[in-house]
Amino acid sequence: MSFYLTDAEWAAIQLSLQVASLAIAIALPPAVLLGYALARWKFPGYTLVNALVHLPIVLPPVVTGYVLLVLFGRQGMLGSFFADVFGIVFAFRWTGAALAAGIMAFPLIIRPVKLSFELSDGQLEEAAHSLGTSRLKTFLLITLPLALPGILSGAILGFAKAMGEFGATITFVSNIPGETRTLSLALYTEMQSLSGDAGAIRLTVIAVVVSIGALVFSEVISRRLSRKLGGQHD
Amino acid sequence: MIEVDVASRLGDFSLSAKFAVNSGITAIFGKSGAGKSSLIRMIAGLSAPDSGRIALGERVVFDRAASINMPIQQRGVGMVFQDSRLFPHMNVERNLLYSQWAAGRKSAVSLGEIAELLGIAHLLKRRPHGLSGGEKQRVAIGRALLSNPQLLVLDEPLASLDASRKAEILPYLLKLKNEFGIPMLYVSHSLGEIEQLADTLVLLDAGNVVAHGPIAQMLSNLELPQLASGPDAGSLLFATLNHYDEQWQITEFGLEGQTLQLPGQLGNVGQDVRVRIKAKDVALACKAPDEASIRNVLSVVIEGITETSGPYAEVDCRVGEQHLRARLTRHSVHELQLAAGQQVFALIKSVALDQ
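Quick note, the sequences are listed as chains A and B, same order.
Each residue of the first sequence is one higher than the last, beginning at 705 in the numbering used here.
Each residue of the second sequence is one higher than the last, beginning at 68 in the numbering used here.
I should point out that these hints are in silico values taken from the structure, not numbers from a laboratory.
Glycine included, C-beta positions come from ideal geometry on N, C-alpha and C.
Be aware that a few hints might be false.
[Claimed, not checked] For lysine-lysine, the following BS3-like pairs were computed, each having C-alpha atoms within a straight-line distance of at most 25 Å:
| id | chain 1 | residue 1 | chain 2 | residue 2 |
| --- | --- | --- | --- | --- |
| 1 | B | K244 | A | K841 |
| 2 | A | K841 | B | K192 |
| 3 | B | K98 | B | K345 |
| 4 | B | K242 | B | K354 |
| 5 | B | K244 | B | K233 |
| 6 | B | K416 | B | K354 |
[As the list claims (entries may be wrong)] Quick list of simulated restraints, FRET-style, between CB atoms:
| id | chain 1 | residue 1 | chain 2 | residue 2 | range |
| --- | --- | --- | --- | --- | --- |
| 7 | A | A741 | B | F247 | 34 to 44 Å |
| 8 | A | L763 | B | P138 | 36 to 46 Å |
| 9 | B | S376 | A | A741 | 56 to 66 Å |
| 10 | B | G337 | A | L840 | 45 to 55 Å |
| 11 | A | L840 | B | R126 | 20 to 30 Å |
| 12 | B | F247 | A | V753 | 22 to 32 Å |
| 13 | A | L840 | B | F247 | 30 to 40 Å |
| 14 | B | P138 | A | V766 | 42 to 52 Å |
| 15 | B | S376 | A | F843 | 52 to 62 Å |
| 16 | A | A715 | B | P138 | 47 to 57 Å |
| 17 | A | L840 | B | G387 | 38 to 48 Å |
[Said to hold, decoys possible] Derived, one-sided and incomplete: chain A residues facing chain B with beta-carbon distance under 8 Å:
| id | residue |
| --- | --- |
| 18 | G836 |
| 19 | L845 |
| 20 | T847 |
Please work from the sequences and hints to get the whole structure.
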């Protein structure tokens with residue numbers, strides 16, 4: 705058995721990195737805003753929004769993928785809107801894989817983000833307001849930097865999840881080599897072929913390494929940052 | 068001049084406050100839960116009352132009827148909170164100058180002056196989490212001062228500190244008062260702090276302003292049991308340091324043309340001081356004692372005698388324009404046949420100097 709990756713496997717890994725990067729870029733800003741809202745505000749429909757955010761964890765991934773297909777397919781309501789207005793097509797494209805991965809990773813991103821906003825209860829913001837900074841400026845100068853450990857750790861966990869997403873991706877954008885065949889889909893494909901054991905094992909090792917690496921990295925980053933930010937916990 | 072006339076309901080708690088005070092230090096005093104914090108949050112603009120009006124000097128910052136509710140950023144109120152609330156991700160210097168680099172405010176005083184005044188110049192490059200409670204609080208005071216406030220609001224700034232840290236901060240607050248003359252609202256449930264600092268006192272109880280007025284007058288008002296009862300209750304008198312006797316190491320203070328003596332060298336000639344005299348430390352005599360170790364004897368006139376339900380009577384005496392309280396037993400009052408209008412001698416066992 706060869707330890708070296710084939711070109712197709714390399715392509716799958718590269719595609720996974722690309723998909724996961726876009727997925728985080730799509731998911732992080734709304735996760736930060738929504739995490740802030742859920743941590744600091746009580747509003748009508750709070751429970752519903754909170755449930756919706758966490759839905760991708762409990763929903764069968766194939767259902768999420770199917771809903772995406774219905775909404776973002778070429779004939780779908782949102783799909784045709786994005787295609788007509790922005791010229792962005794999701795169906796059977798790597799961008800669609802990123803969308804699916806971003807949605808699947810969303811709950812993992814938002815959890816640490818929300819937690820870090822919950823750590824402080826708005827008292828520092830009051831002090832900042834009294835010193836003259838507007839709500840927006842206070843958010844940018846005080847709230848956001850203090851939530852950075854949570855945001856980064858959410859982004860890293862989300863990235864790892866997005867890299868390995870399978871069910872929603874294959875349902876929504878299928879398994880097209882070079883376009884939507886990410887690491888997990890490549891592994892699945894190798895498993896289906898008679899001679900694919902070696903490739904499957906290589907990809908499995910990579911998936912495990914990426915996941916453990918992300919978990920460790922996210923832990924280290926959040927610890928180091930919270931120490932640097934002045935130890936909110938001491 | 069701070070004018071407040073507000074009413075608010077917060078769940079079961081209702082707050083109704085109406086008072087007007089001049090600049091200087093105004094203490095807002097009351098027990099926990101009396102509504103002190105709610106009141107100053109409204110004045111600072113951190114919350115809005117249901118109805119009423121608030122004016123800081125010439126500026127109306129809140130008027131429900133006229134739909135004025137100036138945001139906190141524009142009220143020019145420097146806040147010092149009980150828990151210093153320093154920004155943990157910035158060093159002390161960045162914290163101190165926050166209002167200048169982040170909000171573009173200009174301050175009449177420089178960072179150097181403030182750091183010097185508050186004794187925090189050596190901390191500028193440190194992060195807040197390494198500072199002691201007292202240091203944090205001094206930085207918080209400096210940060211508020213450097214935001215160029217028209218009014219400084221201190222919400223129980225010493226409550227979370229232990230006794231020695233409190234003693235460390237109080238002199239700085241006195242310096243602020245003397246050197247800047249910035250109006251301050253000082254919230255506290257500690258009468259000791261207030262006696263040392265405040266010019267005016269607003270007494271709050273269960274959400275209502277019970278009374279407000281000059282501090283010495285409030286403290287000697289027997290109709291305010293919150294202030295005037297308790298074992299340490301007494302009088303606050305304003306005196307001037309007249310003379311220091313090198314030979315006996317005694318400092319003499321002038322009080323309404325009479326003299327108080329305290330051991331030790333206690334400041335500079337001409338300095339105005341506050342002295343606190345506990346009612347239980349004052350005895351009354353009908354004749355001036357000629358051979359006694361008590362050196363502080365003041366000639367006073369009895370204004371009134373209030374007999375409480377217990378064994379004691381509170382005697383309100385006048386020294387010139389100021390008031391001195393004596394707590395005697397009812398039995399003594401009866402035996403000496405004390406009555407209002409009578410001229411007697413107050414023998415003072417102990418005097419505490421505040422500044």
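Hint check results:
1. K244/B - K841/A: violated (32 Å)
2. K841/A - K192/B: holds (24 Å)
3. K98/B - K345/B: holds (21 Å)
4. K242/B - K354/B: The given pair, whose Cα atoms are some 42 Å apart, is violated under the 25 Å limit.
5. K244/B - K233/B: holds (17 Å)
6. K416/B - K354/B: Roughly 17 Å separates the two Cα atoms, so the pair holds.
7. A741/A - F247/B: 34 to 44 Å: For A741/A and F247/B the Cβ distance comes to about 41 Å; the hint holds.
8. L763/A - P138/B: 36 to 46 Å: holds (43 Å)
9. S376/B - A741/A: 56 to 66 Å: This hint holds: roughly 58 Å between Cβ atoms.
10. G337/B - L840/A: 45 to 55 Å: Since G337/B and L840/A have Cβ atoms about 52 Å apart, the given range 45 to 55 Å holds.
11. L840/A - R126/B: 20 to 30 Å: At roughly 25 Å between Cβ atoms, R126/B and L840/A fall inside 20 to 30 Å, so the hint holds.
12. F247/B - V753/A: 22 to 32 Å: Distance hint for F247/B, V753/A is violated at roughly 49 Å.
13. L840/A - F247/B: 30 to 40 Å: holds (32 Å)
14. P138/B - V766/A: 42 to 52 Å: Taking Cβ atoms as reference, P138/B and V766/A lie about 50 Å apart, which means the hint holds.
15. S376/B - F843/A: 52 to 62 Å: holds (58 Å)
16. A715/A - P138/B: 47 to 57 Å: holds (56 Å)
17. L840/A - G387/B: 38 to 48 Å: violated (58 Å)
18. G836: holds (3 Å)
19. L845: holds (6 Å)
20. T847: violated (11 Å)
Of the numbered hints stated above, those contradicted by the structure are hints 1, 4, 12, 17, 20, listed in ascending order.
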